[in-house]
Amino acid sequence: MSIWRRWALAFVITISALLGTGTAAQAQTPVAVAAPASAAHAAWWADQRWRYASDEAAEAAYLALVARQSPWPEWHQSNLVVLSAGLRFQMAIAPGQPADQPGGFGTFDRIPSVDYVRLSLAVKSAWKPAIDRVVTYEITSPLIADVGTVGPQIDGPADRYLPGGGSQFQMMMPAPERMQHLRVIEVRPIQ
Amino acid sequence: MTRDPASGRFVAIAPARDAVLLLAGDGVAAGSIIAPPGYKLSHFVEESARLLVVGQGEAAIEGWPDWHFEVDVANVCLVRAGPAY
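Taken in order, these protein sequences are the chains called A and B. First residue of the first sequence? That's 0 in numbering that gives the first Met the number 0, and the numbers climb one at a time after it. First residue of the second sequence? That's 0 in numbering that gives the first Met the number 0, and the numbers climb one at a time after it.
Just so you know, these hints were derived from the structure itself, not from any lab. There could be a bad hint or two in this list.
As the list claims (entries may be wrong) - Label-pair restraints from in silico Cβ distances:
| id | chain 1 | residue 1 | chain 2 | residue 2 | range |
| --- | --- | --- | --- | --- | --- |
| 1 | B | E45 | A | P173 | 42 to 48 Å |
| 2 | A | N78 | B | A48 | 38 to 44 Å |
| 3 | B | V75 | A | E55 | 24 to 30 Å |
| 4 | B | G7 | A | A56 | 48 to 54 Å |
| 5 | A | A45 | B | A29 | 39 to 45 Å |
| 6 | A | A56 | B | S47 | 36 to 42 Å |
| 7 | B | P4 | A | P188 | 42 to 48 Å |
| 8 | A | V183 | B | E46 | 23 to 29 Å |
| 9 | B | S31 | A | S53 | 50 to 56 Å |
Since we're looking at a predicted model, the values are computed, not measured. The beta-carbon is built from N, C-alpha and C at its ideal position, and this holds for glycine as well.
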């Protein structure tokens, strides 16, 4: 290969690489359509934008989350299982809430603090304004539940993004029957 | 027992969990607000301007079995306010 042909080939490769880099950079730059308007929105965007093909799709997903506040991530598919007797789980409860009147959701995680409840279990302040204790329950007879991962939430009044990611299950029986399947093992305070 | 900030009335959840009791000055029940059909009342949630009570449902609505209800003493009713976890 002549010296001129080698120079020409190197020139073409360099130009191609530069153009390729520019294209990739443009593809990752958000379009101005959905500039995050709040700290919570910006945090959600930084964490979740990658899931969607366009800024418009991401913004639609964000608005749907704010409106519908599903406790499950968008990709969750109902996963009904029978939880066996002997299995233990934890639940954060509110001041004044008797341990024998549990809510509908539990976690297989150890709950160390109220911050953990807010961030990893994504419990919005509107859903449970105050939390003062954690109850460990044991399942005493088979319990049908939808099991999966905690979805992210936007805590509007606090302008806070709650990323979720902890484990959770939703009991699939009428609320008054919950304690027919459970017994209280331990109640402890948390802050 | 707690006080409803909107009306100033003392209230309590009935032992059968099927009503909010409106208490007179001597602590005796002077009336009640019946829980919505299909709900048992669990506990109060005190806010600065209103009092909520958590109702635990026999069936989920919009995916949520438990809901907050605002205690409306003036109109003797419970008004659905939002999901409860």
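Original post:
Hint by hint, which ones does the structure fall short of?
Top reply: 1, 3, 5, 7
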